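Input sequences plus hints: build the corresponding full structure.
Number of protein chains: 2
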Amino acid sequence: MKTKTTMNDGWPRAFPPVECEVDDLKERVLRLFAVSDDAFLAEAENEARISALTQDFLRAKNVCLSTGMASLFERYRESKIPDSPIDAGEYLEELGEQMVANAINTSSPRYIGHMTSALPHFIRPLSKLLTTLNQNQVKLETSKSLTFCERQALGMLHRLIYGFPGDFYDEHIQHRDSTLGMIVSGGTLANLTALWCAYNSSLGAIDGFAGVDKVGLPEALKVRGSQRAVIIGSALSHYSLEKATSLLGLGSENFIKVPVDRDHRISLSALRKTVADCRERNQLIIALVANVGTTESGAIDPLVEMSEVAAEVGAHFHIDAAWGGALLFSRQHRRRLEGIDLADSVTIDGHKQLYLPMGIGMVLLKHPHLAKAIERNARYIVRANSIDLGKRTLEGSRPAMAMFLHAALHLIGRRGYEFLFNESIRKTQYMADLVRVDPTFELLVEPQMNILNYRAIPEPLQQRAAMGQLSPADNQLINEFNIKLQRLQRQAGRTFVSRTTLDRTRYGQGVSIVSLRSVIANPLTTEADIRAVLDNQLEILAGLNKSSTSTSSAGFREQL
Amino acid sequence: MKTKTTMNDGWPRAFPPVECEVDDLKERVLRLFAVSDDAFLAEAENEARISALTQDFLRAKNVCLSTGMASLFERYRESKIPDSPIDAGEYLEELGEQMVANAINTSSPRYIGHMTSALPHFIRPLSKLLTTLNQNQVKLETSKSLTFCERQALGMLHRLIYGFPGDFYDEHIQHRDSTLGMIVSGGTLANLTALWCAYNSSLGAIDGFAGVDKVGLPEALKVRGSQRAVIIGSALSHYSLEKATSLLGLGSENFIKVPVDRDHRISLSALRKTVADCRERNQLIIALVANVGTTESGAIDPLVEMSEVAAEVGAHFHIDAAWGGALLFSRQHRRRLEGIDLADSVTIDGHKQLYLPMGIGMVLLKHPHLAKAIERNARYIVRANSIDLGKRTLEGSRPAMAMFLHAALHLIGRRGYEFLFNESIRKTQYMADLVRVDPTFELLVEPQMNILNYRAIPEPLQQRAAMGQLSPADNQLINEFNIKLQRLQRQAGRTFVSRTTLDRTRYGQGVSIVSLRSVIANPLTTEADIRAVLDNQLEILAGLNKSSTSTSSAGFREQL
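Same order as they appear, the protein sequences are chains A and B.
Quick note on numbering: the working numbering labels position 485 of the first sequence as 485, and the sequence is numbered without any gaps.
Quick note on numbering: the working numbering labels position 391 of the second sequence as 391, and the sequence is numbered without any gaps.
Zero decoy hints are in this set.
Here are the simulated lysine-lysine pairs, PhoX-like style, with alpha carbons at most 20 Å apart:
1) Lys257/A with Lys214/B
2) Lys273/B with Lys257/B
3) Lys257/B with Lys214/A
4) Lys484/A with Lys546/A
5) Lys366/A with Lys80/B
6) Lys273/A with Lys257/A
7) Lys484/B with Lys546/B
8) Lys222/B with Lys222/A
9) Lys366/B with Lys80/A
Example chain A residues on the side facing chain B (calculated, C-beta under 10 Å, incomplete):
10) Ala42
11) Thr67
12) Phe122
13) Ser246
Hints listed in this document are in silico derivations from the structure and should not be mistaken for laboratory results.
Bear in mind that the values here come from a model prediction, so they are computed numbers and not experimental data.
Where a beta carbon is used, it is the ideal one built from N, C-alpha and C, also for glycine.
This is the structure:
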């Protein structure tokens, strides 16, 4: 006999309460999991709805709707889990109208502000496969072929970076004692993993001391007679490096930020002085970190020289190539990474210039046994003699994102990536040229890669800007002006660039200059799209000019 | 004019080299990214191929092919990235024949050895949507609606755990200063994030000292006059907790493992003694960790009592409910989590009993401002006054896995999850009953949840086992016997249970007993499937008996 139950609480505001029978609930829930022709039909129905959503989404050139935050706040404020299942059709409709409609079109050719891009279309069906297989890479028993696949894909990237002879790879690529790299959820974990390896190695077991991994940092320093342990990188290092330094118990201030030169590369003289200071004070240098593509401007640190400094002090040399690792594919641009094979570890993000979906970073390790410094075991999983990947990863259970990497390396190929990267560079130079010739804009940094830093100059200040006569007050005004411009552009949602603040420009070290920042990596972005982004900014600027009662800088100040 | 190029190196062994024109390569690569009717057709073609693969995969009841490791090694040993793109059709064919065929059927109703399950079918189309939107949750500018959606889903779980009044949630659920929880890649990062918050809080700024986050652990301890800082949990805590303790620079030995009682719950007297010892030695207790569902046997620690001990010493109280959080949905079983609302932080894994795909863990925080202890900013992203989620997360860029969570909470509902969990418990009891009545098997731990620990006893020892007269040598033999059984079962690939080693059974504390371990959470697993798993083991055992020349224990020993 069925029990009648009325569900009259716990429903999210957006969905009306419905009545249902208890037995009906059981059936409905089991149907969600069933493997049958009927179930595949239901799935196909949802799939058709979602394909319609994805196609509309992909066809849109605009970045987002101008929906305000308050309205989204209102939509997503319900805090009770619905008591009974909502109808899938209703939910998907709501999802389309609210969630999808108000997502950011990160693949729009006119969304050139962050490190996202359109993805190759084979990724979309593969994501369904990945979810269906639902492998767990922590352990061979939960992944089997995907464990081997992951090791292979990482081995391929290792070879791209380090280029050891073939028999090195024959030996190590699938050897359970060797770890050529790890797949992690993103660049932050890749950097953290690399520094963790360095930390455990440089503070390892010594003279009866069991090592930092076991005993901890305070004892590890005491045993070595060091006051502090530090990690050194440039002032433009990604914030994840400071975060990692803090997580490891070193304290964020022990990530030492060395000033950069006008090209945003680490100053070698300042680096050498920092290193000498640390040694003088008996501070242990755990690692030196070089940037291959700073987040703000795409600058590449001098790798060979940094590796020499690292070798001199016996420090681990890590390269954060989360963004710039893609240069490796380009015969034309690769020479700028001379010395990358001298790194002990290299971070590359899959979800950046490898055109993989969000959620895949990699760290590659030169020495196949370095990761033993972080190895752990458990008896129900990752047992000591197994080939289980989870023995030497920061994360435990994790998805087989390796499948995307493996597919893209094969379906795009080395030359495909080369073409994509060269194109990005070419289009960035095109945008730089447009910025250079228009007096409304000022190029702030000579682009070394495919990130462009520029700003708009209000009309009344353009002449002074051209003559190099801007005062600190002028620059302050221009900063506010660019913040406003970027906000208006973002809110309108037709095109997008991001913004940052630079401390190192022609205006001197330590002078904060707000910069518009464009990141050009989307293969769909054409010259016309780039012009459309700048035209959109010019339109907004014209509006600002018109609404100003005066063309003086005071007039501009008034309306900011 | 086109340039002819021959690609004769860099091809993986499995694919034949092809010739292609340079201009053709460009077109092929751009076609991968195109948004057009043609591109959607190509995508649909791949989708059809992949749907066929996924349906075959889902219909299979077997766990995996018996393909040997050596053959997979051989298949995935090529280390050169293909120079030119491979044809998608060819690649997908290979993918089906090798990668998919040799993946583990983690959703098989007879794969009841790890914490995986069949997934609800709406997840599969959603995964395509997730990939298409490709949002980055680090920042509002790269996610918009999905930022709000994530906060809502976390707020719902927070309410499920802590049950604060509605106006608490109205205030905090979307407030930029509040963090009710974080979505991370899995339970390991959830535990690490919780402990990081506890670490930064308990070693925070004091008397002119800027805090551990900034200055590091050695100074932080010195300022407090402490010799060591520790984290305390049971001997059955997940290995991620020791890993996290090590990562934070505390050293793995400073994760203190308190013995458990016969039910695998932390011994309260031993806990109190440990805490007293730490205080006597002037050691700072950063956190106490309770298990809600130990990985090995699903045991639940005494939460109320542990929270009292934590409060007494002013330690953070963390609950690792990665596996057992699902009890919260069940009115019948929820009472066993009394005290969960006393925790400062709770880990729950989405990819376990919330039936979400691999790659989503959560940590919920009782105090909406606790996460400020780990906040960081950067000028190109996660700026100080923003609503950006990335300000207070360990990871940086990360996918909108929140979409799966949001959908499942709505499409399964609280009562749907309740039904699923109750069913899992019921079926586990069924399996326990089968094990109890068959003299071939021995139940090792009374199941508290839906994990079952048992073992097979070789025929010659069954009588002694029944009379409780097994010697240490007998147990050693039985251990080897069960390792062999599990290996043969796994290799054959028809059914699957995992194995672990227990130190706490009726055979005494510290006596290592190899246990078969079954985890029953798959809604598709029926009583018949459970019988099939045990029958499969009986068959293998019969084979072992037959191949043995004697029925004595010496005979068994010979063939192991």
